[in-house]
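Undergrad: Protein chains in written order, with the numbering used here: chain A, 1 to 731; chain B, 1001 to 1336.
Bear in mind the hints are in silico, worked out from the structure with no lab data behind them. Please note: incorrect hints may appear among the correct ones.
Stated by the list, open to error - A few chain A positions that, by computed beta-carbon distances, are all more than 10 Å from chain B: (1) V63; (2) F92; (3) F140; (4) R165; (5) K336; (6) E434; (7) I470; (8) Q481; (9) Q614.
Claimed, not checked - Straight line, CA to CA, 25 Å or less: simulated PhoX-like cross-link-like pairs of lysine-lysine: (10) K1241(B) - K708(A); (11) K297(A) - K1241(B); (12) K1055(B) - K554(A); (13) K322(A) - K162(A).
Ideal placement from N, C-alpha and C gives every residue a C-beta, glycine not left out.
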Amino acid sequence: MNCFTSFRLFTLLILASVLSSCSGVWNNPHDENLVGSDILFSSFSSPPKHLDSVISYNANEWVFLSQIVEPLFQYHYLKRPYQLDPLTLVDFPKKDFLAKDRNSVVDAKHAVFTRYTFQIKPDIYYQPHPAFAQNKDHQFLFHHLTENDLASIHSPADFHTKATRLLKVDDYIYAIKRMGIKQNHSPVLGMMNPIIVGLKKYSNKASQDYDLSEDYKLGSFDIEGVKKLSDTQFSITIKGQYPQFLYWLSMNFFAPVPWEAVRFYDQKVLKTKNISLDSYPVGTGAYQLVENNPNQKIRLRVNPNYDHGFYPKTGLADDAPKNLLDDAGKPLPFIKEAIYSLEKESVPLWNKFLQGFYDASGVSSDSFDQAISISSSGQMGLTDEMVQKNISLVSVVEPSIFYFAFNMADPIVGGYEPKQQKLRQSISIAINYEDYISIFLNGRGIAAQGPIPEGIFGNLQGQGLGEQGINPYVYRWHNNQPERYSIEVAKKLLAEAGYPNGRNAQGEQLTLHFDTAATGPDSKSTLNWYRKQFEKLGIQLVIRATDYNRFQDKVRTASTQMFTWGWNADYPDPENFLFLLDGQNAPINTDGSGVNGANYDNPKFNKLFVKVKQMRNGPKRQQLINEMLSLVRQDSPWAFGFYPKSIALSHSWYQNVLPNPLANNTLKYKKIDAQQRVTKQLEWNSPIVWPLWLLLIVVILTIYPIMKAYRQHEMKVISQPNAHQNSKEGS
Amino acid sequence: MFAYLIRRIAFAVPILIGVNFITFALFFMVNTPDDMARAQLGAKQNTPEMIQAWKQSHGYDKPLFFNDNPTKLTGEGQKSPGVVSQFTDTIFVQESIKLFLFDFGESDSGRQIGADIKERMWPSLAIALPTFLIAIVTNISFALLIVLFRGSRLDTITMMVAVAIMSISGLFYIIAGQILFSKILHWVPISGFSPGWEGLKFLILPVLIGVIYGLGSGVRWYRSIFLEEIGRDYIRTARAKGLSEIKVLFGHVLQNGMLPILTGVVVIIPSLFMGSLIMESFFSIPGLGSYTIDAINSQDFSIVKSMVFLGSVLYITGLILTDISYTFFDPRVRLN
């Protein structure tokens, strides 16, 4: 046996032994030892930038942060419409209306201030954290770290000693004080300054010559409207009446922050390792963050000190699956760990979900046809492939709106005269958002009838009062559903507006300008679609595409004519949508900082808005909202666009899944059947080995002719000079 | 050689200043400090006061290049404009000066750029280095094999395949590879990363695809280099001495073909850990590939300037290394 044959035999043996030893799943991207545990495997597409509760304001950050920190309130997981529940509070706060002197209690009508008194639960503890660890002399162990101490430390979870402490009301007050420090750049400080009594004054004083090392507890200044009453009680006094304030208190900005954590993280040696409060928040929530590599993986592990959360017993809507109450009353959380991996591309994400390596997934446009089938009646369902895999589909109308805005300060499309209203109404009819939803969103949306999305108080469509809730300037009620007026009606309105067949009095074609930040190749078809909608009326639409910075500038300076934009609800109250049309929020009235990009400024609407803002939900509020909607539909500062619908798929082993776009701390309610996951992963991913053998044979078969050809080539080279020599000798 | 190196490093300084200046000018032509503040604070609730506070704490409240009202304090504590501070009390100088000490500082979102680079360079290197080494060996081997059978059908067919490989988009190889090897055959994970030996299973597919994708252009390039060498007199002499074709190819053609190969190869070695945007994105490799582009999208100037600076330094280093490598392979070359 020669050397070459021995080598081949050896290789074959190695390969055969490797293949036979590799049983199970080869393509599992996760640690195989973890798959059989109560661990959620999920993904994120954009890395979170901030996890400091005072700074963070993005949905992709709150997915993590909300599992860790606990503000005073949360949204009930099951109840619809969305409803607030006390989270760390014993009950809803006591509310007192105060007179000008801030002491005497008066009735709501005469209230100048409102004071909320909160009582927190007495036995809530923080997650174990090195920031709390103390020695016998009550000195903090890790508040003076050196580089040597951190040699093997990559996250706070790596510290050998951790401790906890009781949640105090001081931590809530401290969080508001941190929000007031301008150097912390809290995105809601500007919003809260005019609401909380004394916050602005505190903010200006405390931010001046701010130096954290001097005063970690921020004890030098107090906020006049925020007072500690006892170890478990504190109060916040706000100016006037603002019922939506409680919704703000359910946001992470108002989650408690222990001063020890701020002190601990304010060490240079930790900062150089990117260990900070902004990357490793400390909280009382069901989970703690044990690994934060925003470019690869984020890991949450159950907080062993968490014992105050229970699965809701009531509140399930009639049309929701009844098994959502199977775990009613059980202590939370069910999942012991959650591992989120960064997936920037939809192809690998989708395929990993189908392989069972992710427990849930959204549906991108690329995979829509593979996942969703639309019935002849327009109902969405799962394809056979998904049904075979026992995958579930849940969908929800988001509390968001995408709208097409007219700049009301523009001389052509703006203005409040009947003719100007008719021009906008005509365009609103022509832009067929039912088509848009069908073409560009695969049906994932609902054409909007007004600024308030379904599921939010004030939207009559969501309350089953469709006919009363339609926009009568764009739709008629036909066959028990809204039907968009024909283009003929739009043309008639356009003619009445002074532009018969899209031409002005001089016979020139009306040319309108559409500003957009959509400049990529993917946007071309959308922009062409808009152009065609205007062509139906004989109007020429000029697209002015620019980058997002310039686009924002144009909106701020009212230099646009028409544009599209969107809004996601901060909280489920109509005020959060109607304020987008309040004149006080128009950029032209606020030096560019207002969010009413359409510059809509109708005094009647503004007046009603002030009233509606301060009211509780009820028939009277609904009546005023109807009046506002009536005004805004007639004026048509927006073509109301659509409310997007989100779709999510989940495997059968992922349970208690109910979409709640406003609640972010929902991981604690979810459950995993890990054994079922292991079985299915094995079933769906057993490796196909025969192509490996085929490949090996092909390689061997290729080598042989090459070797043969080389030998022939060598012979040829050797024989030629001899032949030449022989011929010479012969001659 | 030492004097040569010093001279080259000295030449690098004005080049780096120039690169930094161009980066700065281009970035601020598109993004104003106000835009940057809005991008960081979010579009929802920001006020002019908050934007000003953000600019102030990040040093973007100063003029870009020239400050006609610098806040230099005199001994008496009064403001007095100094000529030097009119240039130094600007965003350009304040943002640039630390770069030359390789102190990248904090990103605009508050993370340590140096720590991020250190953490992200290893995954990039884990893909790029094996791809680079295997690709060189494979490309050279294939090129030599083709040169051995030059003019034959194998040569023609291989060149056609090489052109076909070059003509297909890299994205196709990635998606096709993921579908074939992970989705259909279930051999390797479709994407992911893990440090240490456990991560080997994640590297197989991207490295294989990287090697295959580079095969077309690599083989064609090396083949042309070797064909040029194989026609030279010393090769004829080697054959006349009775050396086998293998010995001729590896002992003479390859060695003498190294100079043009080094020109193209050594220069990219230092840049290997800068990563690949598409490869890392599709295979979820937590490398540096998307670091710069993400920073441009989020208008994070601190990262953009650091990465452009680092890229320039590495490129210059690559060029110097190329020059040095010549001296090892060509005894006629002297660096002086």
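Undergrad: Minimum Cβ separation between F140(A) and chain B greater than 10 Å?
TA: Given that every Cβ of chain B is farther than 10 Å from that of F140(A), nearest at about 24 Å, it holds.
Undergrad: Is the nearest CB of chain B more than 10 Å from the CB of I470(A)?
TA: 30 Å, holds
Undergrad: Taking the closest pair, is the beta carbon of V63(A) still more than 10 Å from chain B?
TA: At about 16 Å from chain B, V63(A) clears the 10 Å cut-off, so the statement holds.
Undergrad: Does K162(A) lie within 25 Å of K322(A) when you go C-alpha to C-alpha?
TA: 41 Å, violated
Undergrad: If we take the beta carbon of Q481(A), is the closest beta carbon in chain B still more than 10 Å away?
TA: For Q481(A), whose nearest Cβ neighbour in chain B is about 34 Å away, the distance exceeds 10 Å, so it holds.
Undergrad: Holds or violated: are the alpha carbons of K1241(B) and K708(A) at most 25 Å from each other?
TA: 24 Å, holds
Undergrad: Would you assess whether F92(A), listed as outside the interface, keeps its beta-carbon beyond 10 Å of every beta-carbon in chain B?
TA: Correct as stated: the minimum Cβ-Cβ distance to chain B is 26 Å, above 10 Å.
Undergrad: With a cut-off of 25 Å on the C-alpha distance, tell me whether K297(A) and K1241(B) pass.
TA: This hinted pair is violated, its Cα atoms lying about 61 Å apart.
Undergrad: Decide, holds or violated, for the assertion that all CB atoms of chain B are farther than 10 Å from the CB of R165(A).
TA: 26 Å, holds
Undergrad: Between K1055(B) and K554(A), does the CA-CA distance stay at or below 25 Å?
TA: Holds, at about 21 Å.
Undergrad: Is the claim that Q614(A) lies outside the interface with chain B correct, judged by CB distances over 10 Å?
TA: 20 Å, holds
Undergrad: Is the nearest Cβ of chain B still more than 10 Å from the Cβ of K336(A)?
TA: For K336(A), whose nearest Cβ neighbour in chain B is about 21 Å away, the distance exceeds 10 Å, so it holds.
Taken one by one, the earlier hints fail for this structure at numbers 11, 13, listed in ascending order.
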